[in-house]
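Combine both chains into one complex, guided by the hints.
Protein chains in written order, with my numbering: chain A, 66 to 367; chain B, 21 to 278.
Among the hints, erroneous ones may be present.
[As the list claims (entries may be wrong)] With a cut-off of at most 30 Å between alpha-carbon atoms, the simulated DSS-like pairs for lysine-lysine come out as follows:
no., chain 1, residue 1, chain 2, residue 2
1, A, Lys314, A, Lys218
2, A, Lys76, B, Lys204
3, A, Lys286, A, Lys152
4, A, Lys178, A, Lys286
5, A, Lys314, A, Lys145
6, A, Lys314, A, Lys152
7, A, Lys218, B, Lys204
8, B, Lys67, B, Lys145
9, B, Lys83, B, Lys204
10, B, Lys83, A, Lys76
11, A, Lys286, A, Lys180
12, B, Lys204, A, Lys180
13, B, Lys83, B, Lys67
14, A, Lys178, B, Lys204
No wet-lab data here; the hints were simulated from the structure.
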Amino acid sequence: MKVFDVYRLRKSLLRFFRSHPAFRIGAALSPSAFWLLIFTLIPMGIVVYYSFLTRGPWGTVLHEFTLDSYRLILDPLFLKIFARSLKLAVLTVAICLLAGYMIAYWIAFYGGKRKNFLMFLVILPFWTSYLVRIYAWIALLSDHGLVNNFLVKFHLIDLPLPLLHNEFSVLVGLVYTYLPFMILPLYASLERLDRSVLEAASDLGATARERFFRITLPLTKGGMLSGSVLVFTPAIGEYLIPELLGGAKAMMIGKFIALKFLGLRHWPLGSAYSLLLLAMTLLLLYIYMRVGGGKDAFQEQR
Amino acid sequence: MNQTSPRLLSIGCVLLFVFMYAPLLVVIVFSLTPTEYGVSWEGFTLKWYQAVFDNKNIQAALKVSLMVAIPCVLISTAIGTITALTLYRSRFIGRALFQGVLYIPLLMPDLVIGISLLLFYSSLKLELGILTILMAHISFTIPLTTLVIIARMQRIDRTLEDAAMDLGADEWTTMRKVTLPLLKPGILAAALLAFPWSFNDFVITFFVSGVGSSTLPIRVYSMIRLGVSPMINALGTLIVVIPLILVVFGLLLERRRV
Chain A
66 MKVFDVYRLR
76 KSLLRFFRSH
86 PAFRIGAALS
96 PSAFWLLIFT
106 LIPMGIVVYY
116 SFLTRGPWGT
126 VLHEFTLDSY
136 RLILDPLFLK
146 IFARSLKLAV
156 LTVAICLLAG
166 YMIAYWIAFY
176 GGKRKNFLMF
186 LVILPFWTSY
196 LVRIYAWIAL
206 LSDHGLVNNF
216 LVKFHLIDLP
226 LPLLHNEFSV
236 LVGLVYTYLP
246 FMILPLYASL
256 ERLDRSVLEA
266 ASDLGATARE
276 RFFRITLPLT
286 KGGMLSGSVL
296 VFTPAIGEYL
306 IPELLGGAKA
316 MMIGKFIALK
326 FLGLRHWPLG
336 SAYSLLLLAM
346 TLLLLYIYMR
356 VGGGKDAFQE
366 QR
Chain B
21 MNQTSPRLLS
31 IGCVLLFVFM
41 YAPLLVVIVF
51 SLTPTEYGVS
61 WEGFTLKWYQ
71 AVFDNKNIQA
81 ALKVSLMVAI
91 PCVLISTAIG
101 TITALTLYRS
111 RFIGRALFQG
121 VLYIPLLMPD
131 LVIGISLLLF
141 YSSLKLELGI
151 LTILMAHISF
161 TIPLTTLVII
171 ARMQRIDRTL
181 EDAAMDLGAD
191 EWTTMRKVTL
201 PLLKPGILAA
211 ALLAFPWSFN
221 DFVITFFVSG
231 VGSSTLPIRV
241 YSMIRLGVSP
251 MINALGTLIV
261 VIPLILVVFG
271 LLLERRRV
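Okay, chain B solo, but in the shape it has when bound (with noise of 0.2 Å):
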């Protein structure tokens, strides 16, 4: 087959390539430049910067998203190790039922998850602040990291393991010595996956956080409402692209050959 490609193809995907990053692109040079949205270059700024690291309210957003994010991350992440190679390895009643339910924080629209969560604290009468973030945020990366994980299992040789427990090693010294190692990849995977997850989630966040307990993206939310400010890009910026880094390092693992 020929492999140079039909023109009209090469510049419809060009294109397309342009409309995917476009926006983000425009956040990040907008944060650098003094006026809002001119088309005429007019110098180079790091005022917007300097705004988003004074401003109080959004140390104290960063703060509250950091202390829901970094324990969801482990907590998950543990969860979904054991649930991962449980359900990878055994055959049971009520597998099928399991992995179904497993699968509906990641199908059910945010929307419906966020008005059951909301509705539950209020039946409980449990009042809405960190806690109940970092509850919801685990019940929707539970399913993220299992995935995630299953995904490297797929990939480890079995006979290793066997050879293991042939040669004399109980359960425990072979999940330590052998099926561990061979699943760090995945397992630091799922984590640096999870992480975006938790700390960009918007729509669950909103409706279980409660007056005192903004995340990032909640606030950038009010920012929003209260009307668009460069400031935004800078911090939109920021949101991006550091937790961006976590990103590709999870891919790049996720990907790489055992």
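For reference, chain A alone in the conformation it holds in the complex (with noise of 0.2 Å):
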């Protein structure tokens, strides 16, 4: 006689599960559900509880209710840095609109059979390791770096130009990193766009500029909505950026955060920094499915 009968054992199971359909989802999504409690959840609520605590003596944190934390958010500093953010961030969605809209519109329309090969260099970067991309800009912008050494060299300018550790260094950096959100959004809805609206323009004697303005443009407004909440999103709130190609001078939230995190060691107040910035995000995101989102793509259409 067999003790542990493994076949009865997964027939009992399954009839268990058919008849209880709850248990089979439960027991499915359990594992998913647990890690996103415990290491997204739960420690989101621990950043809400931290940012009403006091501050202690040497970083310590007492467990007192304050609400100062938030009152430094009118700290005129803070303001400063972050209007710089949002300056950056914005210019970084413009920026990357224009040329993501170039690139996007020249491999859609141009593309012809190298299509996927194009779409697939414009992805590739985003897969390798995005300190050691941040880091190759210092070695293209800094003062003994490709770019200067160069212009010295053949005597375009007798010093070298300031080009690293200011807001243009950050602000290429953004752009640099966030390009490809922008690019593939852009491209999926130029790639649906039906091409017969465009010939029907065309037939009743509409110019490529009118087509482009009134047909293409309006046409697309859904992934440029989509590629600027994907740019702008994380462009505010970049950390590792600001820290390696800007200085002192292009201070932004996320390096400041973590400056107060980790050279002050003020939690409760990079707390309430952090869940403003958070509060920015879900907010943007909120107002982006509200407009563009609709279809659910996952969950199986019968």
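Okay, here's the thing in structure tokens:
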């Protein structure tokens, strides 16, 4: 006699799950639900809790309720850094929109057989080390970097240009890092665009310029919106790019928060600022889902 | 419509591709030259690679990175597969909420994830180390593996499974003999794409790694902080090129027709 019959056990388990679908779904989703709860939701709750605590001496935290951290959001220094982050993120979106539209349009309309390969090239850098790619810009832009060495060698300038550690280098890093996020949704919406509409407009006498501004551009608004949200969200909270490419003059919120946490160990204040950043991100995504969302690709349509 | 692209647009796009690839090429080229960012060509050398391979700190960091990335990929691919199967096929109350929560790690700024985990670990008085990094990495790779596998599910034919069930296979057999083989490229793609996410992650790891548990990106970061040495170019090239081989396979598998 078998002590442990795997086959019978399996059969009765399947019968149980067949008659109790809720248990089946619950059992299958429990590992990811567990992980999301423990390592995403609870830590977020702890950030909320810390943001109401009082800072003690020498970087300790006293468990006394206060709203001080939230009052410090109106600190002029923080507001200045916030405004700069906003400015850099908006500029990044604007440049990515322009550059991304060019590339997406080029690939979608003139890519021919190489379309998939070109899109492959667009997303490939995204999968490589983000740290190394940002480091590469130090190699390019520093006083003894490639660009300055090149310009000095060919006597175009006498002294190296200050290309690194300012808002310019941060902006370059942001555009470079997040451009693929803009190209992907733009390309998708340009690919979906019904070419017969353009042909009809052409037959009715519309010029190339009219076709672009009155048909292509309005019909790809969805892609432009998705791309802008996908670029703006990580850009405003960026930590590493201002850390490596920006200096004290190009401080952004992300770096400021990290400084509060790691340098000054002011955890309650760092938590309050992080929540502000998170709230802004979620609000934007909510607006985006309301405006652009709709179709549920996660559910099988039968 | 005319198929020849306007010259100005083509030139602009080629320049943008140069912008996208120049930094990586610079790192690769200067990993092979003896001088730092010299404009003229001064010969070819592998001494920086030699220095990378001889460096004990880098060896230790590589070991930590792999000890995190490999279990992370296995666990998050397994969890991602069952999550994707259930989420795509079932209707239940709270499904939209579950999906929204699943999106959070993808959309939250990395900095906020890192800080929240740091506070979480320190509240539990957990010592920061390989295990804390692994837990963090699994939590942000699960959404990725789930999404990649769902994308694959959208392209497999449900009627094949229905046929198997009609022919008398139970759910278990159908899953093993029909669904999983059909999903295999998607599962493999998810694993190959999750690897660089874990292996390359810097910001989150920076907050949850302890003194003795630097991953490779953390090691590279401290080398950059200490001053730029050409050795970083060699190390950077290795970090970029080796995972890229996996990614290329992963992306090709993901795109392959059913």
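Tested hints:
Of the pairs offered as hints, the one joining A/Lys314 and A/Lys218 holds, with about 29 Å between alpha carbons and a cut-off of 30 Å not exceeded. Annotation: proposed proximity of A/Lys76 to B/Lys204 holds, straight-line Cα distance about 25 Å (limit 30 Å). With a C-alpha separation of about 22 Å, the suggested pair A/Lys286 and A/Lys152 falls inside the 30 Å cut-off, and the hint holds. Distance check on the hinted pair: A/Lys178 and A/Lys286 sit about 26 Å apart at the alpha-carbon level, within 30 Å; holds.
Of the pairs offered as hints, the one joining A/Lys314 and A/Lys145 holds, with about 11 Å between alpha carbons and a cut-off of 30 Å not exceeded. Taking the CA atoms of A/Lys314 and A/Lys152, the gap is about 14 Å. The hint holds against a cut of 30 Å. Among the hinted pairs, A/Lys218 with B/Lys204 is inconsistent with the structure: their alpha-carbon atoms are about 55 Å apart, more than 30 Å. Restraint check: the Cα-Cα separation between B/Lys67 and B/Lys145 comes to about 44 Å, which exceeds 30 Å; the hinted pair is violated.
Simply put, B/Lys83 and B/Lys204 have alpha-carbon atoms about 29 Å apart, close enough for the 30 Å limit, and the pair holds. As the CA atoms of B/Lys83 and A/Lys76 are separated by approximately 43 Å, the hinted pair breaks the 30 Å bound. Of the pairs offered as hints, the one joining A/Lys286 and A/Lys180 holds, with about 22 Å between alpha carbons and a cut-off of 30 Å not exceeded. As the CA atoms of B/Lys204 and A/Lys180 are separated by approximately 26 Å, the hinted pair is consistent with the 30 Å bound.
For the hint linking B/Lys83 to B/Lys67, the alpha-carbon distance of about 22 Å falls within 30 Å, and the restraint holds. Only pairs whose Cα atoms come within 30 Å are accepted, and A/Lys178 paired with B/Lys204 is accepted, the gap being roughly 28 Å.
Comparing the model with each numbered hint stated earlier shows that hints 7, 8, 10 do not hold.
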